[in-house]
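Given the structure of chain D, go ahead and fit chain X onto it with the hints provided.
Here's the letter readout for the chains.
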Amino acid sequence: MTADGQWLTFLTLLLPFAAAAIAPALTRALHHNAAWVLAIAPALIFLHFSGFVGAISGGETLAGGYAWIPSLSVDFSWFLDGLSVTFALLITGIGTLIVLYAGGYLKGHEHQGRFFSFILMFMGSMLGLVVADSFLTLFVFWELTSITSFLLIGFDHSREASRRAALQALVVTGLGGLSLLAGLLVIWGATDATSMSALLASEGALRDAPLYMAALLLILGGAFTKSAQFPFHFWLPNAMEAPTPVSAYLHSATMVKAGVYLLMRLNPVLGDTAAWETILPIFGGATLIVGTLLAMRQTDLKLMLAYTTVASLGLLVMLTGVGSEKAVEAAVLYLVAHSMFKGALFMVAGLVDHESGTRDITKLGGLRKAMPVTFTAAVLAAASMGGVPLFFGFLAKEEIYAGLGFATGWTTLLTLVALVGNGLMFAIGFAVALKPFIGAKVETPKHAHEGPVLLWLGPLVLGGLGLIAALLSGVSHELVSSPMSTAVLGEPVTVTISTVPHIGMPLALSMVTVALGVLVFVMLGQGRAAMAGVLNAIGWGPDKGFDQVLRGLTRLSFRVTNLIQSGRLDYYMTATFIAVAAALLIPMGLYDEWPAAPTLPRMPFYEWTVLLIGLIGLGAVIYARDRLTAIVSLGIQGFAVALIFMLLGAPDLSFTQFMVETLSVVILALVMTRLRLSPTDHRPTGEKILDVAVAGTCGAALGLMLLRVTQVPFNTELSDFFSQYSRVIAHGRNIVNVILVDFRGTDTLGEIAVVMIAGLAILALVRIRSAKPLTENKEEG
Amino acid sequence: MRTLIFRTVAPYLTSLMVLFSVFVLLRGHNEPGGGFIGGLIAASAFAIYGVACGVSPVRRSLYFHPMAISGFGLLVAAISGWLSVVFNVPFMTGLWIKVSVLGVPVDLSTVLFFDIGVYLVVLGSITSVALALEEREHG
Numbered sequence: 001m002t003a004d005g006q007w008l009t010f011l012t013l014l015l016p017f018a019a020a021a022i023a024p025a026l027t028r029a030l031h032h033n034a035a036w037v038l039a040i041a042p043a044l045i046f047l048h049f050s051g052f053v054g055a056i057s058g059g060e061t062l063a064g065g066y067a068w069i070p071s072l073s074v075d076f077s078w079f080l081d082g083l084s085v086t087f088a089l090l091i092t093g094i095g096t097l098i099v100l101y102a103g104g105y106l107k108g109h110e111h112q113g114r115f116f117s118f119i120l121m122f123m124g125s126m127l128g129l130v131v132a133d134s135f136l137t138l139f140v141f142w143e144l145t146s147i148t149s150f151l152l153i154g155f156d157h158s159r160e161a162s163r164r165a166a167l168q169a170l171v172v173t174g175l176g177g178l179s180l181l182a183g184l185l186v187i188w189g190a191t192d193a194t195s196m197s198a199l200l201a202s203e204g205a206l207r208d209a210p211l212y213m214a215a216l217l218l219i220l221g222g223a224f225t226k227s228a229q230f231p232f233h234f235w236l237p238n239a240m241e242a243p244t245p246v247s248a249y250l251h252s253a254t255m256v257k258a259g260v261y262l263l264m265r266l267n268p269v270l271g272d273t274a275a276w277e278t279i280l281p282i283f284g285g286a287t288l289i290v291g292t293l294l295a296m297r298q299t300d301l302k303l304m305l306a307y308t309t310v311a312s313l314g315l316l317v318m319l320t321g322v323g324s325e326k327a328v329e330a331a332v333l334y335l336v337a338h339s340m341f342k343g344a345l346f347m348v349a350g351l352v353d354h355e356s357g358t359r360d361i362t363k364l365g366g367l368r369k370a371m372p373v374t375f376t377a378a379v380l381a382a383a384s385m386g387g388v389p390l391f392f393g394f395l396a397k398e399e400i401y402a403g404l405g406f407a408t409g410w411t412t413l414l415t416l417v418a419l420v421g422n423g424l425m426f427a428i429g430f431a432v433a434l435k436p437f438i439g440a441k442v443e444t445p446k447h448a449h450e451g452p453v454l455l456w457l458g459p460l461v462l463g464g465l466g467l468i469a470a471l472l473s474g475v476s477h478e479l480v481s482s483p484m485s486t487a488v489l490g491e492p493v494t495v496t497i498s499t500v501p502h503i504g505m506p507l508a509l510s511m512v513t514v515a516l517g518v519l520v521f522v523m524l525g526q527g528r529a530a531m532a533g534v535l536n537a538i539g540w541g542p543d544k545g546f547d548q549v550l551r552g553l554t555r556l557s558f559r560v561t562n563l564i565q566s567g568r569l570d571y572y573m574t575a576t577f578i579a580v581a582a583a584l585l586i587p588m589g590l591y592d593e594w595p596a597a598p599t600l601p602r603m604p605f606y607e608w609t610v611l612l613i614g615l616i617g618l619g620a621v622i623y624a625r626d627r628l629t630a631i632v633s634l635g636i637q638g639f640a641v642a643l644i645f646m647l648l649g650a651p652d653l654s655f656t657q658f659m660v661e662t663l664s665v666v667i668l669a670l671v672m673t674r675l676r677l678s679p680t681d682h683r684p685t686g687e688k689i690l691d692v693a694v695a696g697t698c699g700a701a702l703g704l705m706l707l708r709v710t711q712v713p714f715n716t717e718l719s720d721f722f723s724q725y726s727r728v729i730a731h732g733r734n735i736v737n738v739i740l741v742d743f744r745g746t747d748t749l750g751e752i753a754v755v756m757i758a759g760l761a762i763l764a765l766v767r768i769r770s771a772k773p774l775t776e777n778k779e780e781g
Numbered sequence: 782m783r784t785l786i787f788r789t790v791a792p793y794l795t796s797l798m799v800l801f802s803v804f805v806l807l808r809g810h811n812e813p814g815g816g817f818i819g820g821l822i823a824a825s826a827f828a829i830y831g832v833a834c835g836v837s838p839v840r841r842s843l844y845f846h847p848m849a850i851s852g853f854g855l856l857v858a859a860i861s862g863w864l865s866v867v868f869n870v871p872f873m874t875g876l877w878i879k880v881s882v883l884g885v886p887v888d889l890s891t892v893l894f895f896d897i898g899v900y901l902v903v904l905g906s907i908t909s910v911a912l913a914l915e916e917r918e919h920g
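Taken in order, these protein sequences are the chains called D and X.
The opening residue of the first sequence carries number 1 in our numbering; numbering runs sequentially from there.
The opening residue of the second sequence carries number 782 in our numbering; numbering runs sequentially from there.
For reference, chain D alone in the conformation it holds in the complex:
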């Protein structure tokens, strides 16, 4: 790849974020027409990535990147093969249509600019995720999709339901993100690979690693939460609180596919094992059945579609888990088909809602005359979803049945699961696409008429594509399906299925599916009532469970806080000092590392004098009558220590010690005079004895520790390094300073930031207290 091409790819990855930055200003100037301008960004990216399709279908893979943190060998790198390019094209292609759709859907909304900004940021994150090569790049973008989708789901933040849904999605996918991070670390540890391309090149290394199972489960934890697999599916339907463009984009076409993407990406290295081929089909199959059954229960168009999305994701996971050549091809075809028809159907649902004022399927009917274009788009999309011949979904379904078959009892079971799932999805797809449009005209809250071009363009294009892609199946396989299947399988394959029906088992199963679908479609009312009865009887679901877990967590943390945060400074200090003493003494005792009795060095008289001054200071602290005297006396002891540092040849340390002592005496004195504590010590004798014991133990522990440390042979490696290079590399003779500002400058930068934050916090505390008049009541606050 040439350097220019690399720059261009890098820029395309940044482009969505740049567009997101200008979106609010642009929307202020152009209002909803800003969509036309903003859609140029994803369209350009789409064009850029389509430029790679030729090379990749020829079997090439392209990689590129930049060193990010070279000293930790962390790169920002990308890797383009059939899988990532197909995803990139879906994300940016559908993204372009969604941006336009959002322009019409949120026309006149006061925060439309913000919305564009969020959705473009999301697009950038998703794009980065699917092209990422290094694990760190992948993880960063993975988390970014969680965060941006949180913003999008909670876009309507004045409603409690959307806040809850946003938080729920963030918690579930965030937990999955942590699991993914752990999984990637395990893979790194097991194979030494830090990038996808390196991992894919390592062949079976991971499969034979002893940590294979841990890596698999952790990765699945990430993928299943993101792709809403049962029992983590509940966040996805709740995410329908978001405006419809978000549902159409994130929760059908893109984000929820991130988990499937990850599984497909890792199939060549993690797959083809008993565990993979058992866990994935079980969870995927369960998700498929549960999703379709729950979809039947719904009357809200968006919720019906949302549950079928859950079901479709289950189907994809199941197929990926089966892992045979045909099954993977089926997964690839279905994924592409699903992105198109589900995006279109969601947009149709939004369009109906936008124009008629309701999304309740029982309150809609007879809209075909008022909204003919929408109706066309809906039927096209539903035909693909139901797998009607001549549509792309048909190809996918044929391949699914060809990939599963009846060879063993296990595949027979999976075939039946797919059959039932597909049949139900057929029914629900057509219910969404037909029920609002056919039959007698029903009065709707708004007088319905066809929406503006911005709104119907997206669904019509996507619905039409489902037909065109299938009719030109040769071209779409050559450019998309075959390269993607090759990438998922890790070996070259060619997808050949075409729209010409070929007599055989798959076609027969397709017929059965359609028959089942029509039956359910006719009896949808009864089915809904039956499902409602069943669900009411169960009365509990993961959604409720989520609330219970959160409530439990809050209660637990409340209890723990009550237990350990008594609000009394003397308790905190006692606990801290006991912990310090224990941390020092217990290891010394366990490993028998007590220091040998030291020999007293010959000290000149002035050193004795300084020592004496220190002791006098300490004595004064203990015998001081009031607190102020005690604080100042503590300063005497500190100065004595500073003098010792000076005498032993550490001027820097001593210098700092002087200043710190001075300032701490000043500040402590200022604080003490403000607190209006009683000037003298009122502790009862028992408490005094305890405090003396704690202080004595802590002091003795530190003393023993220091003795022990000085008795260990001194490792001069670091001191040698610094004294050798301080002058030569860093041009400074004061090693301490050179370490602080040069060798370990990044540490210092962090430390001064902490100093400043601490200063701000103290300032805030002082302000809060001074806002209220101080009373004598110490229990206050």
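It is worth saying that the hints were derived from the structure and are not from the lab.
Quick caveat, the model's predicted, so the values are computed rather than measured.
All residues carry an ideal CB built from backbone N, CA and C; glycine is no exception.
Heads up, a few of these hints could be off.
[As the list claims (entries may be wrong)] Okay, the calculated beta carbon distance ranges per label pair:
no.	chain 1	residue 1	chain 2	residue 2	range
1	D	649	X	887	26 to 34 Å
2	X	792	D	664	40 to 48 Å
3	X	884	D	724	31 to 39 Å
4	D	8	X	860	48 to 56 Å
5	D	664	X	849	22 to 30 Å
6	D	684	X	860	54 to 62 Å
7	X	880	D	628	47 to 55 Å
8	X	790	D	174	54 to 62 Å
9	D	707	X	792	41 to 49 Å
10	X	885	D	724	26 to 34 Å
[Unchecked claim] Sample of chain D residues at the chain X side, in silico, Cβ under 10 Å:
no.	residue
11	70
12	567
13	662
14	674
15	677
16	740
17	745
Structure of chain X alone, referenced to chain D:
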């Protein structure tokens, strides 16, 4: 603590200490000293001034809010760290340049500016805490 002698001496003492703190800061690379200790000296200078003459003269003479000074210091330190990235070397690599001021050769470096940043952060943060506490005492 507002005795006549203290009040009379404090301004001179403070100026001397601030001057000394700058001296300590600048010699830090080769002799004992540096930004941290320099900042502490300057902070105690302002604390003394505040104890002697009250907080408002200190605030007036500082002109900027001490927290703003601290923030500016952090910015200076961060920028001098990032500057190296512009010159295509890793973050926080020291860059050196020799300039001649009135015929005297002077070594300037990003490291020096980093240290100045440290100085300002320490000075600003501690002064603002000390002043806030003193303010309540006299307020």
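Tested hints:
With their beta carbons about 30 Å apart, residue 649 (chain D) and residue 887 (chain X) fall inside the hinted range of 26 to 34 Å. Evaluation of the 40 to 48 Å hint for residue 792 (chain X) and residue 664 (chain D) yields a failure: the beta carbon distance comes to about 24 Å. Taking 31 to 39 Å as the suggested C-beta distance range, the pair residue 884 (chain X) and residue 724 (chain D) conforms, at roughly 34 Å. Taking the beta carbon of each, residue 8 (chain D) and residue 860 (chain X) are about 30 Å apart, not inside 48 to 56 Å as hinted.
For residue 664 (chain D) paired with residue 849 (chain X), a C-beta distance near 24 Å keeps the hint of 22 to 30 Å intact. Under the hint 54 to 62 Å, the C-beta atoms of residue 684 (chain D) and residue 860 (chain X), about 56 Å apart, fit the expected range. Restraint check, residue 880 (chain X) to residue 628 (chain D): a C-beta distance of roughly 51 Å satisfies the suggested window 47 to 55 Å. Hint check: residue 790 (chain X) to residue 174 (chain D), Cβ distance near 60 Å, so the stated range 54 to 62 Å holds.
Distance hint check: the CB atoms of residue 707 (chain D) and residue 792 (chain X) are about 48 Å apart, consistent with the given range 41 to 49 Å. With their beta carbons about 30 Å apart, residue 885 (chain X) and residue 724 (chain D) fall inside the hinted range of 26 to 34 Å. Evaluation of the residue 70 (chain D) hint against chain X yields a held restraint, the C-beta minimum of about 7 Å falling below 10 Å. With a cut of 10 Å, the hint placing residue 567 (chain D) at the interface with chain X is violated, because the nearest CB-to-CB distance is about 22 Å.
With a cut of 10 Å, the hint placing residue 662 (chain D) at the interface with chain X holds, because the nearest CB-to-CB distance is about 6 Å. Contact between residue 674 (chain D) and chain X, as hinted, is supported at the beta carbon level, the nearest pair being about 6 Å apart and thus within 10 Å. Hint status for residue 677 (chain D): violated, given a least beta-carbon distance of 15 Å to chain X, over 10 Å. A hinted interface residue such as residue 740 (chain D) counts as satisfied when its beta carbon comes closer than 10 Å to some beta carbon of chain X; here the least separation is about 6 Å, so the hint holds.
The beta carbon of residue 745 (chain D) is positioned within 10 Å of a beta carbon in chain X (closest approach about 5 Å), and the interface hint is therefore held.
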